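Student: Here is what each chain is made of, one letter per residue.
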Amino acid sequence: MPFRKIISIGVIYAALLALPFALKLHQQDFMIILVINVLIVVSYRLMTLTGEFSLIHVVLMGAGAYTSSLLAKTIGLSFWLSMPLGGVVAALLALLLSFPLFRMKGFYFLIGSFAVGEAIRLSWSYFDFFGGPKGVKLIPSPHLYIPGLGMQDIWQPIPYYYLVLTIVSLGLLVLYRLEHSRIGLTMNAIHWRDALAESVGVDTWRYRTMAFVIASFFAGIGGALLAHYIGTINPVMFDVTTMVYVLIWVIVGGTNTFYGPIIGVVLLSILNEMFREAEQLRPLVYGILLLAVMRFLPNGLDSLPGKIRDYRRRKLDSDSVDAAGNAPSQAASGSGQPSTNTIGPN
Amino acid sequence: MLLEIQDIQVHYNKVAALKGISLKVEEGDMITLIGSNGAGKSTTLRTISGLVHPSVGQIRFKGQRIDRLSPDKVLKLGIAHVPEGRRIFPGLTAIENLRLGAFIRKDKQAVERDLERVLDHFPRLRERAHQLASTMSGGEQQMLSIGRALMSKPKLLLLDEPSLGLAPVIVKHIKEIIGEVNREHGVAVVLVEQNAELALDLSRYGYVLETGSIAIEGEAKGLMGNEHVRRAYLGL
Amino acid sequence: MALLEIKNVTKNFGGLTALNDVSFQVEKGEIRGLIGPNGAGKSTLFKNIAGFYKPTRGRILHQGRDISHKKPSHIAELGVVRTFQETTLFQEMTVFENVLVGCHLSARSNVFSALLGLDHGRQKEAEDRTRQVLEFMGLMERQDQLALNLPLGSQRALALAVALAARPTLLLMDEPFAGMNAEETGHMMSLTRRVRDSGVTIVLVEHDMRAVMGLCGYLTVLNFGSLLAQGTPDEVRQNPQVIEAYLGSS
Amino acid sequence: MLEGNVVAVQCTSSALYRPFALYLLFVHLLRHKETSVDLILQTAVNSMVASSFFALMAVGLVLIFGVMGIVNFAHGELYMVGAYSVWFLYSANGWPFWLAVIGAFVIVTLIGLLMERTLFRPMRGNPLGGLINSIGVLFILQVLAVQLGGVGLMKTVIPPFPGSTTILNGVSISDQRIAALIVAIGLLVAMWLFLTRTRLGWALRAVSQDSEAAALQGININRISMLAMGLGAGTAGLAGALISPMTRVEPYMGHGVIITAFIVTIVGGIGSLSGAVLVAVLYGFFYTFVTTYVSGTVAMMLGLLIMLFVLIVKPNGLIGVRASE
Amino acid sequence: MGITRRDILKAAATGAVLSGVGLPKWALGAKRKTLKIGLCAPLTGEVSAWGLPGLYGCELWADNVNAAGGVKLGGKHYDIEIVSYDNEYLPDKALQGYKKLVAEEGVKMVMMLGGDTWPGVQRWANHAKMLTTTLLPSDLSPDTPYLLAPCEVHPIYNVTGVDWLSRKFPQAKTVAMCAQNDSLGIPSVATYEAAFEVAKIKMVDLNIFDPTTTDFAPIVTSLLAKKPDVLCLDTAYADFVNLISVQAKNQGYKGKIISCTCDNYPAIISKTSKQFMDGFIFQFPDFDDPKLNQKFINFHNPNKFYKDYIERRPGTWTAVSWEYPSILDLWKYGAEIADSPEPMSVLKALKSKPTAPHAFGTAEWWGKDLWGVDNALVGNWPVVAINAEGKARIQEFGSIPKWWDKHSKVLIKHMRARKQMWDQRA
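Chains as they are written, first to last, in my numbering: chain A, 15 to 360; chain B, 23 to 258; chain C, 2 to 251; chain D, 82 to 406; chain E, 355 to 780.
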């Protein structure tokens, strides 16, 4: 890792550690939710590495939240066991769902994942076991043994913030390493050309499933962290509206880089708080922002540096070289054929 | 001069598909482009019909520049393109396909007359007029595709691999049809073919394309026995 | 025993018969040319061998093992690797990464070892292999470029390198010479020979007859989904049926 | 007799807590035997109305997807705008009802055209981008509805036909529903005639089957896209306009509708208009019967699972007829 | 009609905020000191109908009180300021909002809708010892010492309507009921079951539907198939009451209808008929009802309040428009007794006597048997019926405690069967 990167990450973490003391009480809560959402979007991006976009991520987050809450409430399991189990159950659910879902690709996968997700979510509000539409209340908060202080109930925002920050950082580290390992490389390869990957022996089904399962594990962890902080969950919290927000965060941020979705969620969440005064108009801001990003940065905010670089380079080029003979040609037919990567269709 | 192409270049992404091609078509003429896969034959036709725009060079049709026009404008000027693989509309009936060929025309009565003419010309299509195009055989689909193009009453017809995937008997029939279209309707034809024998036999003039450039050109009869052609095809 | 045996393979799409009872064999160490006019069924046959399609009838044997109903990735694992028509690469990845993905089989790792860095040895092995292949294909100095920025010739070489990285015993090359000029073709031909000399059997689908005739010792000709002729280039060239199929007769 | 009823009642309520919905459906059909003729007939009448609206919504989605390849998430909001337009023109500003319905159709069509021109056209070939843009529109339209009508209670659209017609003893249907049903069916027939009998209709279908070949016939793809989007949006708006006197007119009313429309579209085959209409009818009956006999949640859950099943069986698209390679 | 000038002004103002110009929310500094009261409720989204009209009511209440000289506590005069936070009816947003109101705005009481948004707040509210109110007494439990349900004791008051019905129309023998499946609908189902059992009216059908339902034709069909004498709509949302009633009329129903609420009933009459709606029984009076001018009513000047509200915020009046203000009335009463605005002092003052002034008359602190804590204010509750002129009028004030004294066992039985007792809800 280059030195500059280490320094900047160090600075960011120093700021993150000091931050709660500079914040007002409700902003501390905001930070906790935001940090959890960072894990949600970054894990969602792992899915998109293989080129698939799902609409079930938030439901799997809910699965983690429900599992952990119910285990903690009904059999009194410790948070330290129920939380990872929440992740495991979400991952297992994803594994199970991968069999029907990965028969589909692209748009069909998107819609298929939406169908299963919504059916699962409706079952929470339908069956008493999950608490029905009211959901689960009075979810216990985690306890931690701190030397010198004894057993501590971690429910106040600052300690919980550090707990969340630690777990999410670990999650991010894992996701980062995974992406930069050969496995991540292979997932990326599947995204670009799944047939080529298959032809050199990559079992694309296996890798898609792996990405889905791991992403869901972290979504489940995120859900559990949320549940044990708020103390209550209900099916509406994990509905398609929430999913749409995750999708927006990820896409506005951009999926080309690890930090893209993080930029998306941080920026939009802060904007959302800033526009709280606008009350009824708040979603309008979202809508317009979304359209603007798609119009000017269709690959997300993280494509901005590259665009600027491109622009500079082009400017340099056109200054130095007479580019008249090299104007890039456009296959701008009136036809609606999408930009297939074909070369010479003869 | 009906069509004149001056040194056009076409790039897909950054790769050059055509590296400077020039050719000419006279009124009522029939020329052919032959060459192996990837030589740039289809790209040339797609560039003429406006599906692709050249990065360099000009295309003139009856003296007017058309290299920046969209396909519907090019068609209105009188150039019809029968694409590779037929590309008929599978969910429409044969007759609906044919009528769509005349989509740009406003002269309703003349369209009906031409429809009758095309159906006379292709009795097989009349038999299957109300059948879904997807249920037709390959040869019938090819006829439909040519018939559809004729419905726009073109001055110039671009034919891309009309014999592709067809059995020899059908190929023969298609060849006859192309000849008739050229002679009887007075339509100029640019024919792209793998089947060089067929193409050169029909045409007045031929161009042999190799990797985006014209390797050799000349009167079709002269090209027939040309070593260059044989080599391009069979590696002699 | 032949390296590859195609036994009575038929492939139907709906009502269309793309391959009709095709049988032939490829011996170890050959460069076999598979030719025929457009639409003859060459690509379909390739896809059947590589597992992207399943034959409707018939069997495909590789080293005596039936591979006709296996998944593409499994077939690749058994040593049958294909390249693609046109240039199919991981466009937005570097040359090095492209080949590294190709090494997938020789150094697979699981999630946990990848995370904990336990696969360091295998990782290094894969990287060594990648460098070796890049060296072999003469792509070493371009290893950090994005695939999409390479000139056509290098892109094709890279496609070959990706396939080679998977350590094939049988390489299926789909039109590697399409769109190349004479110089590029010549370079690609020598690369192909080098690959064969390194012990890889090659089946080549190609329209560029100079390349085919120059490379292949034996040709198989398909037309309308059926086997039309087989023989040495000279035999095939003289074969009246082949001439008719290509140049047409009227 | 009464005794039996009580059992049935207990069963209905406890149905919420039991897992085997299909089994329950069966049990309930048996339990309701004593009133079944009336109930089944009335439910069938209800189903027909539901079906026609499902069909209107689904046909629009299919048109837009077929021609432009875009999944329009804002389709439910176009429906909402249709309903709001009627409320605004008819209830708030005293236009005649039918004029207001036409007004709604025009307004929503214009919104559709605007969306095509400014948002979907630049996204051609980028389905995900189109989807995201439609979500942006969804937010904007919801906010506009809140701004136009305020929050609080639903907007009241007084039915212009307050009466109801008794079809059979105990089976009746409101005149408003009859009127809406007639218009909906009329529109579907008109659309079918347009698509199968007119040049423009053929052109539209041609573009959805092979847009490049269509361009080669001189069909302007941009114009056809606008036609499809205008028509698709217009039908959604009309559905909203017609249903406005019968449902909750509020900014979020499009939400539930879009899920149903997706189910119908997917199960019917996403490129197929006739498939969409057929499935809309079947699903309308299925949904209404399950809602009547078991519960709306179960109906929705089963609908989603049916959709999933169809996706599993035909995972790579249900596009009816496409050119084979 | 639709858009008023005020709306446009508001939109313009919001636009200004958006464009970054920024308008101070509380533009002019007050001369007197200010006391803040928080409202943490859904102000946007699908549940906003339960929050926003309440905010409008509270603002009117505050303006009235301030105009009359504010509140005098400990020798000082205070103005009242309502500080609101939109919790979007989401637990996490509710928690943030609650903290913001309490810790940063320094409010002296937080009013909430309750339900989904309460449990997340509970722990912190206890920790901060903050006086909080809810409209949903089902939030009460022994763990909520500082939470009051001082206005609505939903759904217990529904027994008064059924009681009145059974006395007025003894010929009614059967009832069919529908209810949405949520935290409002289910406890209400138990209450109606108990009330009908006491009234000896047989329940012949019960249809519990999903809150996302939009088409009520199938539900009404299945209800009417049982040919009931009475149709009971449970605690349906206002929009549901509207749609169900219209469906019932269209499917030829001619019997009685009883419901917990019937907001905006003129709209329903306009969609059905006066004749059809004649005799519709529910529990929420119009505030222009002259019967509200009786001596024992504690809501301050209800008729004028209603008139002013309608003028200010036309078309938005619902039950919450007066319910939150009535809580403010009670708070003012408590603060004046305590002579201090401090939350715990106010709470102590309020609970110091077994009774307190409820909007509809003096009521007692009650609830131990149902919620494990006596934090709900229960007394008389009006029974309202629509008359032949299409106007809702109070028929009587029924006494909830009197009913309870006789029939508590029945209610507890049904509550337990529906798993609504506080010990079952934890």
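In case anyone wonders, no lab produced these hints; they're calculated from the structure. Source: prediction; values computed, not measured. Here a beta-carbon is modelled for each residue, glycine too, at the ideal position from N, C-alpha and C. Treat the hints loosely; a few may be bogus.
Here are the simulated BS3-like cross-link-like pairs (lysine-lysine), alpha carbons at most 25 Å apart as the crow flies [what the hints assert, rightly or not]:
(1) E:K649 with E:K628
(2) D:K395 with C:K72
(3) E:K722 with E:K658
(4) E:K686 with E:K645
(5) E:K610 with E:K645
(6) A:K119 with D:K395
(7) C:K72 with A:K119
(8) C:K71 with C:K55
(9) E:K756 with E:K707
(10) E:K556 with E:K645
(11) D:K395 with C:K125
(12) A:K38 with E:K628
(13) A:K119 with C:K8
(14) A:K38 with E:K722
(15) C:K29 with A:K119
(16) E:K628 with E:K608
To list a few chain B residues with every Cβ distance to chain C over 12 Å, as calculated [to be verified]:
(17) K41
(18) Q80
(19) D89
(20) L91
(21) E106
(22) K130
(23) H143
(24) F144
(25) S156
(26) R205
(27) E206
Student: Per the stated criterion, does the least C-beta distance between K41 (chain B) and chain C lie above 12 Å, as a non-interface residue requires?
Tutor: violated, 9 Å
Student: Taking the closest pair, is the beta carbon of S156 (chain B) still more than 12 Å from chain C?
Tutor: At about 10 Å from chain C, S156 (chain B) fails to clear the 12 Å cut-off, so the statement is violated.
Student: Holds or violated: is the Cβ of Q80 (chain B) farther than 12 Å from all Cβ atoms of chain C?
Tutor: holds, 24 Å
Student: May I ask you to check that E206 (chain B) keeps its beta-carbon over 12 Å from the closest beta-carbon of chain C?
Tutor: Holds, since 19 Å exceeds 12 Å.
Student: Taking only the CA atoms, is the gap from K649 (chain E) to K628 (chain E) under or equal to 25 Å?
Tutor: Violated: K649 (chain E) and K628 (chain E) sit about 31 Å apart, past 25 Å.
Student: Taken at face value, is the distance from the CA of K8 (chain C) to the CA of K119 (chain A) at most 25 Å?
Tutor: violated, 33 Å
Student: Take a quick look at whether K686 (chain E) and K645 (chain E) sit within 25 Å of each other, Cα to Cα.
Tutor: Holds, because 24 Å separates the two Cα atoms, which is no more than 25 Å.
Student: Would you assess whether D89 (chain B), listed as outside the interface, keeps its beta-carbon beyond 12 Å of every beta-carbon in chain C?
Tutor: At about 22 Å from chain C, D89 (chain B) clears the 12 Å cut-off, so the statement holds.
Student: Check whether the Cα positions of K71 (chain C) and K55 (chain C) lie no farther apart than 25 Å.
Tutor: holds, 8 Å
Student: Quickly compare the C-alpha distance for K395 (chain D) and K72 (chain C) to 25 Å and report which way the hint goes.
Tutor: holds, 19 Å
Student: Holds or violated: are the alpha carbons of K119 (chain A) and K395 (chain D) at most 25 Å from each other?
Tutor: Distance of about 11 Å is within 25 Å: holds.
Student: Please check whether the beta-carbon of R205 (chain B) is more than 12 Å away from every beta-carbon in chain C.
Tutor: The assertion about R205 (chain B) holds, with a minimum of 16 Å to chain C.
Of the numbered hints given earlier, the model fails hints 1, 3, 10, 11, 12, 13, 14, 15, 17, 21, 25; all others are met.
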